[in-house]
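Residue strings, one per chain:
2 protein chains.
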Amino acid sequence: MTSPFPLSAATVDYVDGSTRVYAIIGHPVQQVRSPQAITFELRRRGLNAILLPFDVAPASFDNVMTSLLAIGNLDGLIITVPHKIRARDLCSRVGPLAEISGSASVIARTADDKWVGELFDGMGCVAAIRNRGVDLEGRRILLLGVGGAGAGIAVELARHRPAEIHIHDPDRAKAMHVIERLSAHFPAQSFSVGLPALDGLDVVINASPVGMLDPERMPIEASRFPSHLVVMDVITDPAPTRLLRTAEESGCIAVYGREMFDSQIAGACDFLLAARQVGVNDVRFDRQPARLNQSE
Amino acid sequence: MTSPFPLSAATVDYVDGSTRVYAIIGHPVQQVRSPQAITFELRRRGLNAILLPFDVAPASFDNVMTSLLAIGNLDGLIITVPHKIRARDLCSRVGPLAEISGSASVIARTADDKWVGELFDGMGCVAAIRNRGVDLEGRRILLLGVGGAGAGIAVELARHRPAEIHIHDPDRAKAMHVIERLSAHFPAQSFSVGLPALDGLDVVINASPVGMLDPERMPIEASRFPSHLVVMDVITDPAPTRLLRTAEESGCIAVYGREMFDSQIAGACDFLLAARQVGVNDVRFDRQPARLNQSE
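Chains A and U are the protein sequences, given in the same order. The numbering of the first sequence is UniProt numbering, which starts it at 1 and goes up by one. The numbering of the second sequence is UniProt numbering, which starts it at 1 and goes up by one.
Possibly wrong hints are sitting among the right ones.
[What the hints assert, rightly or not] Sample of chain U residues at the chain A side, in silico, Cβ under 7 angstroms: (1) 18; (2) 21; (3) 29; (4) 32; (5) 56.
[Stated by the list, open to error] Chain U stretches covered by chain A per the calculated footprint, using a threshold of three residues with CB under 8 angstroms from any CB of chain A: (6) 40 to 51; (7) 69 to 81; (8) 140 to 148.
If you are wondering where the hints come from, they were derived from the structure by calculation, not from laboratory data. Think of the CB as a built atom: it goes at the ideal place given N, C-alpha and C, for glycine as much as any other residue.
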């Protein structure tokens, strides 16, 4: 510009007209950490992109999902409570973990403007436990809660051949339904419904929201755990939850929701960026299992 | 946390689960500067907020606008080409400048989840010219283009009592329609349609997109302008446009789109934040005229 005139130099440097948009859809959203972590990871890879929280109530979810495809520079979504099951239904195509679990946690726009989804919760949960040196093969595991996250964790647990997977959910029919589906895919795996004595378990995983909204509540009643127990909580905030605090006071290994979360970031970004490059029928879902196998 | 375990410290500090979302909706959006400027201004006021570009084609605009109300933490929108006229129609209530012009550039969510809109283009354009020491009263003005931005500028020009407002648009019927509406509100103002000789003018304002997509095109054919002419271009990128470059080479005062843009930022943020606090029937539209009066 050759003319001098007063202009504000007042701008930020992390967003402009070419920024690609990602969002995490949940209800509520205040507790989510994807905006910070996924945005960091996308930018580390050289992309001009930001992931924002979108607070969407269940009644509006279907309409919002359809309309978001009409925002041309919106490339993908992270899906959280309570939308993961509905998100899977709205995808034109899903990967095997979403298919078996019935829910999706990452939704990408394909080059031909379809939604394609996969579930990454299970991968992150199992990777977090294994990163603490705990092998799941032959172990007796109790999983608390089989909503979207819990169902995905159940699938991934089954892939690692534990001796027993106990599933407890306030909605017993839902737990039965998950076991029915999993049994078809993992016929050799032993499943049971209910709440066994803690002495007979090796690993307890909380995949329910109990402890998120009320930090003093616990998903199981216990003032102390057997010290051999590995206790994991998928909740990222508060940290530690009362469940994990009790586990640590009991001398247990306590695995935090944030560890699971961190394990999912890279895999989710891989999936979002690869799916965007191809048509819906050419999306490959073998990347995520391949990643798991590498860590074994 | 009392247990040591490996966690990524990899996050950004400008977005989290509580971030309030704003967007600029246009087609295309690469050229817009609101993401940088509005985000800066909102954060300067202490808000955890970001404005992102949303690229939405005209056929999808209505559906997207409805769905965006379902994103609970999305508080407001900037509207740009080609959606300003349709945006006005979708508001439950609009301010006087949007009412007269038939288009809206800023849309706020009210406390009762309605869209309320107002047009800020005209205010910014006139303020930018006046900031260069040019008084519009008694001047002969040519306005090129009466899309959403042009119509708003026409309203604000009329408020400043120029001797004559000439309006030229490839769609002559559209220019006539704008003059018809304006005449009802400003019965003493002289308007005419067409392209007069440049010698008989004081101010030329380009409010058309010519020069935005093809930097070598000009909205009027001229290799040189009379040096007394004030030439303004609403286009912010490229800067200068060929129109402004020619004006500067001719010794004219050349007023940049960015000057107009900067004048709108504070007003738009005032409106967005105030409307969010009240129900749709309690939104006040006298703030923006009051600001103009203060500068007179």
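**Message:** Please check whether the segment 40 to 51 of chain U has three or more residues whose CB lies within less than 8 angstroms of a CB on chain A.
**Reply:** Holds: 6 residues of the segment 40 to 51 of chain U have a Cβ under 8 angstroms from chain A.
**Message:** Next item in the hint list is residue 56 of chain U. Is there a CB on chain A closer than 7 angstroms to its CB?
**Reply:** With Cβ-Cβ at 6 angstroms, under 7 angstroms, it holds.
**Asked** With a Cβ-Cβ cutoff of 8 angstroms, does the segment 69 to 81 of chain U contain at least three residues near chain A?
**Response** holds (count 5)
**Item:** 8 angstroms C-beta test of the segment 140 to 148 of chain U against chain A, three or more residues
**Value:** It is violated, with 0 qualifying residues against the three required.
**Message:** Quick check on residue 32 of chain U please, does its C-beta sit within 7 angstroms of some C-beta on chain A?
**Reply:** 4 angstroms, holds
**Prompt:** Against chain A, is residue 21 of chain U within 7 angstroms by beta-carbon distance?
**Reply:** The hint holds - residue 21 of chain U has a Cβ within 7 angstroms of chain A, the shortest such distance being about 5 angstroms.
**Request:** With chain A as the partner, please determine if residue 18 of chain U meets the hint condition of a C-beta pair closer than 7 angstroms.
**Result:** Since the shortest Cβ distance to chain A is 5 angstroms, the answer is holds.
**Item:** Supplied contact hint for residue 29 of chain U, tested at 7 angstroms Cβ to chain A
**Value:** Constraint on residue 29 of chain U satisfied, holds at 5 angstroms.
In terms of the numbered hints stated before, the structure departs from hint 8 and from no other.
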